[in-house]
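Undergrad: Spelled out from the first residue to the last, the chains are:
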Amino acid sequence: MDKQSRRQFIRLAVRGTLFGGIALVTGNLILRQGEPLFGKNRKSGPTVWQLNPAKCIQCGRCATNCVKTPSAVKCTHAYSMCGYCNLCSGYFKPGTKTLDTGAEKQLCPVSAIKRTFVEDPFYEYTIDETLCIGCGKCVKGCGAFGNGSLQLQVRHPLCDNCNECSIARNCPAGAYRRVPLSDPYLLKGFGKEKV
Amino acid sequence: MKKLLPDEILVKFLRLLAMISGIFSLLICILIFINFFQLKRTDPLNSPALTLLQERLIQNPGDIALKQDIRQLDLMARKVFFTSQWQIRAGGYLLVACILVMIICLKTIELITPKIPSIAATGPEEPWNLRKIQRRWIIIAGILLVTFSLTLVWFTHRMLTGIPAEAGHLKANVSGRDSITGNPVLQSPVASLTSDTVRLLGNAVKSNQAVAEDFPTQQEIRSNFPSFRGPGGNGIAFQKNIPVLWDGASGKNIGWKTEIPLPGYNSPIIWKDKIFLSGAKENKREVYCLGASDGKILWTTDLSKIPGSPGQNPKVNAETGLAAPTLTTDGQRIYTIFANGDLAALDFEGKIIWTKSLGLPKNHYGHSSSLIMYHDMLIIQYDQTVSGKVIAFAGKTGEKVWETARNVKVSWASPVLANTGSRMELLLAAEPDVTSYDPATGKELWKLDCISGEVGPSVTYANGMVFSINEYSKLAAIRLGETPSLAWEDNEYLSDVPSPVAINDIVIVVTSYGVVVCYDAATGKKYWVKELEKSVYSSPMIAEGKIYILDKQGMMHILRADKILAVIGEPSLGEGSVCTPAFGEGRIYIRGNKHLFCITK
Amino acid sequence: MRRKQVILFFLIIGWLSPPAVMAIQRFPKPEFESGYVVPDAQLPLPRAELLAWLDVTVLLLTLSLATYLVLKRRSRMGVFLLSLFSLAYFGFYRQGCVCSIGAIQNVTMALFSGSYTVPLTVLFFFLIPLVFTLLFGRTFCAAVCPFGTFQDLVSFRPVRMGAWLNAFLGMIPYLYLGLAVLFAATTTEFIICRYDPFVGIFRLNASFGMFLFAGLLLVSGVFIARPYCRFLCPYGVLLNWMSQFSWKHMTITPAECIQCRLCENVCPYDAIDFPQTKKNPAGQRKQVNQLILLSLLLPLLVLGGVWTGGKMHLTLAGVNSRVRLARMIQATPVSKDQPEIPEITAFRSSGVQQQQLMTEVATIEDDFLTGSRIFGGFVGLVFGITLIRLIRTPYRTDYLPNRGTCFSCAKCMDYCPVLKDKTNN
Amino acid sequence: MKKKIILVFAIILFLAIVAWMFRDLFTGSPELQKNPYDYGMKELRQTDTVPAYKEVTPLKPALTTITSIATGYDGKIYVAGKGGVDILDISGRILKSFTFPGYATCLTVMPDNTLVIGMGDHVELWDPSGVQISAWQPEDTTSVITSVAASQHKIFVADAGNKIVYQYNELGKLQARIGEKDPSRKIPGFVIPSPYFDVGISPAGELWVANTGRYKLEKYDNDGSLLTSWGEASVTLEGFAGCCNPSHFTILSDGSFVTSEKGIERVKVYSPDGNFIALVARPESFDEGTRGLDLAAGSNGRILILDPLRNQVRVFLPLKKH
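Protein sequences appear in the order of chains A, B, C and D. Whatever position you read off the first sequence (first residue = 1), add 1270 for our numbering. Whatever position you read off the second sequence (first residue = 1), add 35 for our numbering. Whatever position you read off the third sequence (first residue = 1), add 108 for our numbering. Whatever position you read off the fourth sequence (first residue = 1), add 58 for our numbering.
Just so you know, these hints were derived from the structure itself, not from any lab. A few of these clues could be false.
To be verified - In silico lysine-lysine, DSS-like type, Cα no more than 27 Å apart, as pairs:
| # | chain 1 | residue 1 | chain 2 | residue 2 |
| --- | --- | --- | --- | --- |
| 1 | D | K140 | B | K75 |
| 2 | D | K378 | D | K134 |
| 3 | D | K140 | B | K275 |
As the list claims (entries may be wrong) - Here are a few chain D residues that face chain C, going by a calculated C-beta distance under 8 Å:
| # | residue |
| --- | --- |
| 4 | K61 |
| 5 | I69 |
| 6 | L102 |
| 7 | G347 |
To be verified - To list a few chain D residues with every Cβ distance to chain C over 10 Å, as calculated:
| # | residue |
| --- | --- |
| 8 | N93 |
| 9 | K100 |
| 10 | A110 |
| 11 | K154 |
| 12 | R243 |
| 13 | S314 |
| 14 | P330 |
For every residue, glycine included, the Cβ atom is placed at its ideal position computed from N, Cα and C.
Could you build all of it, start to finish, from the sequences and the hints given here?
TA: As structure tokens, this is what we get:
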């Protein structure tokens, strides 16, 4: 065996080993995913980032830490949980006496919440997502006094779905996690926590 | 092809363009930075002027001019905010465009200017020398790295306050404890890794057990519902958190309901997350397995054609039907028997393990004794008009382990297993005797002549006493001991279908015409009588200190299992039923005339 | 759109409070008489999964095309145009996420954490370039990786760097890879993504720090060709390993080298190995001695790495957010006037006991001790092997691309005067 | 020469980048900056008013999850919660405990010491010895029972799900439906935006209901007519802060009211005609986010506050008799 072919042989052997290594890692990763590789119940499906409103403490970092400006996190209204209060603590600044839509009374720094009369004594509140910056101020107010129907959620069409979410990295409450793409929202109030 | 411009001019032009766009992009860069810092420094949304005005408004709520000022300022602040955001965005696009132009220009220049390879005057440097230098620098890099790391450790060292010593000690058992208590720590990846380990360990332990003995432990039996009237057939369920309120009509607290394809009066049995029951009509016999969580029928096994089957239908009473005996399970297989004497063992996937035909039973109402397991043996009470017997088959293979002939009349009661403290007894009732057998060998232990007629209700055992009952006969309380003897008897309220139940020091009898009576177990003193005014075929069950009595119209009468009568609830199923309910953790499963219901909280 | 009409549902009273005191109650719904219908929450869906598979397909296609262009067509222009497409697709359209470089961390985390499974598409993004490189060299770097192509585009005035600088800075990617794997394996962070210089540019949206980072790197990239690829990229380490043993690697000349020296200075990445026909001036004997000495030294280097890694484990663990939280809690006195630290507020309202956190942190630090030692050992090993390999230089008569560091960009081919046709006769 | 300078410049730039990465990774502390979008809860929860009560040692029931409190006519303290009832004396000694399956949401004690326990969607009567007497369920299927109040023969059950107060007799027979919206009788109906809906009986036997959506306490007569009401929304001490308050109230023997609120957790005393008298407990006394401060009047003017978050019965003693 001359030098050249010996080198060739070593190269072949190492190449084979590397192939084996790749196959081993792949096989391991595919096998450990459990039964279905495709279909709805598989574990290996794609994921997206979402925050769990039950853990959220409204620290304001969703507004400041997202790689997008304005943030891809927006206030989302779970209408089915809303009490349709006249005095909405997510809409009005605390201490507001007269309940009208004057800017001096609005809690939202960008005035992204619209208030419309439904019937006595109920009002509907809708979020203008083009304005909302995801600061969570209204979420805090609604949660402290009301039912918590206003919740922060990552809005997926806006989200870049970074490999590691930069808000998740800085979320003090650890509220962010990867959720399956097939069920991309963690909004409370859809019977999810039904006991 | 003729060129539009000479190369030199084009290059000059492109160079100029590149320079302009370069300068331009630099300018935009600076502008964006300025805008960015400005926005950061004077956050328009939190402008102090606005806050000041608002504070003033709180003091003078009536000041309309002030309100107007705030509104204007607020609008302006928001405009500034959104405009500057827009500016940054637009600036970004502009910047990219400029840089793109620059890159294109430079690349084009690169393309059209001829590439002149440069050859150094001197040849390449001596490679051996290069290697030497490289080696030296790698070593320098290594030394630098170690020094740097240690310095970093030294500097960050002071920030650490360390972890309390006891926390370190806890490390060892953290995995086990957390996975048991389900602490939130579980969410951490570390803990989930260890919980995997725990699960694996659990499996290992379990498989060891399976090797040691081939039947479930008492604990496992109690945490499931493996036979008619619960573990041992004594009418007591050990599950907790049992619902007391539901309504079949509105669907309230009905977890799910599933239509069972073929009729049958057998009750559901439960092992872990699976529910089993059977149904039959002429020439068709099936076993069903349902998922406890959603009630979906997971599989159906057709047992219509098993080898040696009599091939003809027995004559049965409409109230007994062709599938009256309840199934049983040992956690590995399930066993079923039909009115024509066809017996089968299936695995949990519905695959047939073995089958047998016991021959058409001579039983004028139809065979209805349910099955029961003792260790790994399947026990069958096969009372017939002639040559009744009790048989035990090996669950795994279907081989006969023992068979004992019974000199009794035909009966419809089911076998009951009782742990008397000193031994296990198999208790059967049929005119004329209540008979006890050793379930391991089939040897008769004792018998007492105290029952007569066509016996329907099974016996029950509690605290050293056995209670038997039958219509036109009597309620007999047998005290076990050296020689079992009749402690007391009563014949005021008698049952021909529901079996009695006993707990603590009381025994409760439900008659088929709907009277519930509570006796003192030791003396036979009546504590209370409650008339349900409905007829009852299903046997009462005790769970969590409450008696559950299901009447034929599907109303569940929940009473306190106590000397004082208390009605806890009377929820209704909305469908008639004659089957005895089965209990899961926080659930009741009831087979109605058509559906199997899962009742939840 | 989810249209789940839940008439009654459960509200957890005081959902801010610890789980232990949660009471379950139904929420009283307003009753509208005006016929108002309660709308559903707007929940727009994310990008469909099918598109992720499209990405994988595009990756496969571009990679095949790149390989074809480099190995068969030997076309620098083709590689350049394809790299523009890749930059547009993987860079500006897909915004650089998920990329093969970052996928290292997903794969690592899936291997070490029981709770995370890597999506198949991400796994493919990790694997396909590796397999291609093992077969055909780093054609992925040449024309597919948006980071590489982007840097290639801006390297207008590449300066040749000395061999020593290449060797010195060339050790950084190993460290970066080691750290990235360590932090991913302990589910701490994805540092490759955190310090990803180009996604901000691809998205035209990022934090100020990210932009600055990207800008500075690009400026240095005008002079140092592909600084990220050569001196930072952790995936490059894996590709380097694969490429060294590749089945078919590109060559500078299509046929026989005529020693014209034209290609000597064209590679901006210093990836051309020059001919080496001389014997070691230091003498064969000394070379063998050095080899034996270093081979004996290798275990010591590894042990030194293990020791240093062990020393560093608490510092490294400090990157983990749980560890940071625990240290923060210990460092912060409980007092009312203290400005609120959101981390601590969130921890207090989570209901988790402090002792529990400390125990958890102890486990994490324990993992870090093991991990840091392995990391240190790995770095020591890399240093040792690199040194050993630098003792001798293989005998060769021709100008050859260095299989490990060559990006297969085909720039050198344009300078080779040997005609292609000659290969075909 | 020029090339060398460029090279040095580029290398320094590159090394600076690497150094910045390292520094950021290892010493970069998370931002401790102030939340620019803070709601200001901390400021809201501060008050300068000095409470007219002082807190003494809290009582600790055996139950791990408590939801409701009542004082019996015998002076004993009854605490109900998940899975059972604890009976304590004023020193905190547990006299008796009994358990049941299910989740008690509210409780009251009848003059004969029978316990009326709301179990979410049904009502149970229990003997203090731990024997269940009876159970019944409102006919409306969507009941959320948030409060019960009882006198000798009347049991009032507040149902937040149907926004109505039922009046039952001691046998569980429905006597009246109070507060159902009826424009013809000028009954405006309750507005209950969240599951806090308290009822109470004054010493004079009058029924008071907390209409939280209107921030008022309302008095009803037996046929369901609204007699009087008081209360207004305000973050200042005089009013009830925001919607869904007062979440709980109890009526003292002199007819004055004690109210508790959520959002800004505070307990206050109002005169029988609804004028603010005194602060019992400041918001700082409670952990932020505490909800469900059920109240009971103890002996000697004591006010007992059930703190579900700390799982304690907090005891507040008046500083002076008033």
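Undergrad: Each hint needs a verdict: does it hold in this structure or not?
TA: Checked hints:
no. : hint               : in the structure
1   : D:K140 with B:K75  : 50 Å, violated
2   : D:K378 with D:K134 : 23 Å, holds
3   : D:K140 with B:K275 : 14 Å, holds
4   : K61                : 5 Å, holds
5   : I69                : 7 Å, holds
6   : L102               : 14 Å, violated
7   : G347               : 4 Å, holds
8   : N93                : 7 Å, violated
9   : K100               : 7 Å, violated
10  : A110               : 22 Å, holds
11  : K154               : 23 Å, holds
12  : R243               : 17 Å, holds
13  : S314               : 27 Å, holds
14  : P330               : 29 Å, holds
In summary, the numbered hints that this structure violates are 1, 6, 8 and 9.
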